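**Q** Below are the chains, spelled out letter by letter.
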Amino acid sequence: NAGVTQTPKFRVLKTGQSMTLLCAQDMNHEYMYWYRQDPGMGLRLIHYSVGEGTTAKGEVPDGYNVSRLKKQNFLLGLESAAPSQTSVYFCASSSGGSGANVLTFGAGSRLTVL
Amino acid sequence: DAKTTQPNSMESNEEEPVHLPCNHSTISGTDYIHWYRQLPSQGPEYVIHGLTSNVNNRMASLAIAEDRKSSTLILHRATLRDAAVYYCILRANYGGSQGNLIFGKGTKLSVKP
Chain A
1024 NAGVTQTPKF RVLKTGQSMT LLCAQDMNHE YMYWYRQDPG MGLRLIHYSV GEGTTAKGEV
1084 PDGYNVSRLK KQNFLLGLES AAPSQTSVYF CASSSGGSGA NVLTFGAGSR LTVL
Chain B
18 DAKTTQPNSM ESNEEEPVHL PCNHSTISGT DYIHWYRQLP SQGPEYVIHG LTSNVNNRMA
78 SLAIAEDRKS STLILHRATL RDAAVYYCIL RANYGGSQGN LIFGKGTKLS VKP
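Those protein sequence lines, which keep their order, are chains A and B.
Residue 1077 in my numbering sits at position 54 of the first sequence, and the numbers go up by one each step.
Residue 112 in my numbering sits at position 95 of the second sequence, and the numbers go up by one each step.
Bear in mind the hints are in silico, worked out from the structure with no lab data behind them.
Bear in mind the structure is a predicted one, so any value in this text is a computation, not a measurement.
Where a beta carbon is used, it is the ideal one built from N, C-alpha and C, also for glycine.
Wrong hints could be hidden among the right ones.
[Stated by the list, open to error] Some but not every residue of chain A turned toward chain B, in silico, with C-beta under 10 Å:
| # | residue |
| --- | --- |
| 1 | Gln1029 |
| 2 | Pro1031 |
| 3 | Leu1066 |
| 4 | Leu1068 |
| 5 | Glu1082 |
| 6 | Val1111 |
| 7 | Phe1113 |
| 8 | Val1125 |
| 9 | Gly1129 |
[Claimed, not checked] Result set (DSBU-like, lysine-lysine): computed pairs, CA atoms no more than 30 Å apart in a straight line:
| # | chain 1 | residue 1 | chain 2 | residue 2 |
| --- | --- | --- | --- | --- |
| 10 | A | Lys1032 | A | Lys1094 |
| 11 | A | Lys1080 | B | Lys122 |
| 12 | A | Lys1080 | B | Lys20 |
| 13 | A | Lys1032 | A | Lys1080 |
| 14 | A | Lys1080 | A | Lys1094 |
| 15 | A | Lys1093 | A | Lys1032 |
| 16 | B | Lys122 | B | Lys86 |
| 17 | B | Lys122 | B | Lys20 |
| 18 | B | Lys86 | B | Lys20 |
| 19 | A | Lys1032 | B | Lys125 |
| 20 | B | Lys122 | A | Lys1032 |
| 21 | B | Lys20 | B | Lys125 |
Just need the whole structure built from these sequences, with the hints factored in.
**A** As structure tokens, this is what we get:
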């Protein structure tokens, strides 16, 4: 029962470096999401996908790109990391987008940008 | 987007029931009420959800007011493991962006031995 797996769990970057966070789910879910969480705050939606090959912007998309080439994977990319992107990133998936569907979250990826 | 209001923090004693309130006065007729919790240093975890009727599962109960403008998450017997931030969120019954979960700051529940 892997559920939602995020890699890497921890990463330290220097300003200007690039990196990709990988989210993989084994539940055949259509919808996938990337959130970020800053200290003492709730989660904020960065990007989401409603199916393979689709992506859409969430609440705080600037500085991030995403891709959903395979149904089970949702990648979050930082092309030029900034200290403001220091955060914990959570991936989630859902079988559908209706109110009756619930989200399953990964354990998080902690990113520090120096 | 319909918003929810929760107390910032609550305290409970171990093995006692806990009632976590949530106000959502602008809820629409098709919004589902979702509860998630986040244990320290972990990702959010689904707890329970409902539309109009009260709901029970192995983790908790959800009591929804008749006018649906408020709800209460009930933990029947709090344990130390229940110490977490609890989020009450409305999820629109549509696909796409309208169904996205918007998290607030939630209620931080502390459980005393």
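**Q** Are the hints correct? Go through all of them and say.
**A** Results of checking the hints against the structure:
Evaluation of the Gln1029/A hint against chain B yields a held restraint, the C-beta minimum of about 8 Å falling below 10 Å. At a threshold of 10 Å, the smallest CB-CB gap from Pro1031/A to chain B is about 15 Å, leaving the interface hint violated. With its C-beta approaching chain B no nearer than about 4 Å, Leu1066/A sits inside the 10 Å limit, and its interface hint holds. Given hint, Leu1068/A at the interface with chain B, holds; its Cβ is 6 Å from that chain's nearest Cβ, closer than 10 Å.
For Glu1082/A, the interface hint holds, since its Cβ comes within 10 Å of a Cβ in chain B; the closest pair sits about 8 Å apart. The criterion of a C-beta within 10 Å of any C-beta in chain B is met by Val1111/A, whose closest approach is roughly 9 Å, and the hint holds. A distance limit of 10 Å between C-beta atoms decides the matter here; for Phe1113/A the minimum to chain B is near 5 Å, and the interface restraint holds. About 5 Å separates the beta-carbon of Val1125/A from the nearest beta-carbon of chain B, less than 10 Å, and the hint is met.
Given the 10 Å rule on beta carbons, the hint for Gly1129/A holds: about 5 Å separates it from the nearest Cβ of chain B. A C-alpha spacing of about 22 Å is found between Lys1032/A and Lys1094/A, which places the hinted pair at or below 30 Å, so the restraint holds. Our distance criterion of 30 Å between C-alpha atoms is met by Lys1080/A and Lys122/B, whose separation comes to about 22 Å. With a CA separation close to 20 Å, the supplied pair Lys1080/A and Lys20/B stays within the 30 Å bound.
Distance restraint check for Lys1032/A and Lys1080/A: the Cα-Cα separation of roughly 24 Å lies within the 30 Å cut-off, and the hinted pair is therefore satisfied. Between Lys1080/A and Lys1094/A the CA atoms are separated by roughly 18 Å; this keeps the pair inside 30 Å, and the hint holds. For the given pair, Lys1093/A sits about 21 Å from Lys1032/A by alpha-carbon distance, which is consistent with the 30 Å threshold. Proposed proximity of Lys122/B and Lys86/B is supported: the alpha carbons are some 19 Å apart, at most 30 Å.
As the CA atoms of Lys122/B and Lys20/B are separated by approximately 12 Å, the hinted pair is consistent with the 30 Å bound. Of the pairs offered as hints, the one joining Lys86/B and Lys20/B holds, with about 11 Å between alpha carbons and a cut-off of 30 Å not exceeded. Proximity of Lys1032/A to Lys125/B is assessed by CA-CA distance (about 25 Å); at most 30 Å being required, the pair is judged to hold. The straight-line distance between the Cα atoms of Lys122/B and Lys1032/A is roughly 23 Å, inside the 30 Å bound, and the hint therefore holds.
About 18 Å separates the Cα atoms of Lys20/B and Lys125/B, which keeps this hinted pair within 30 Å; it holds.
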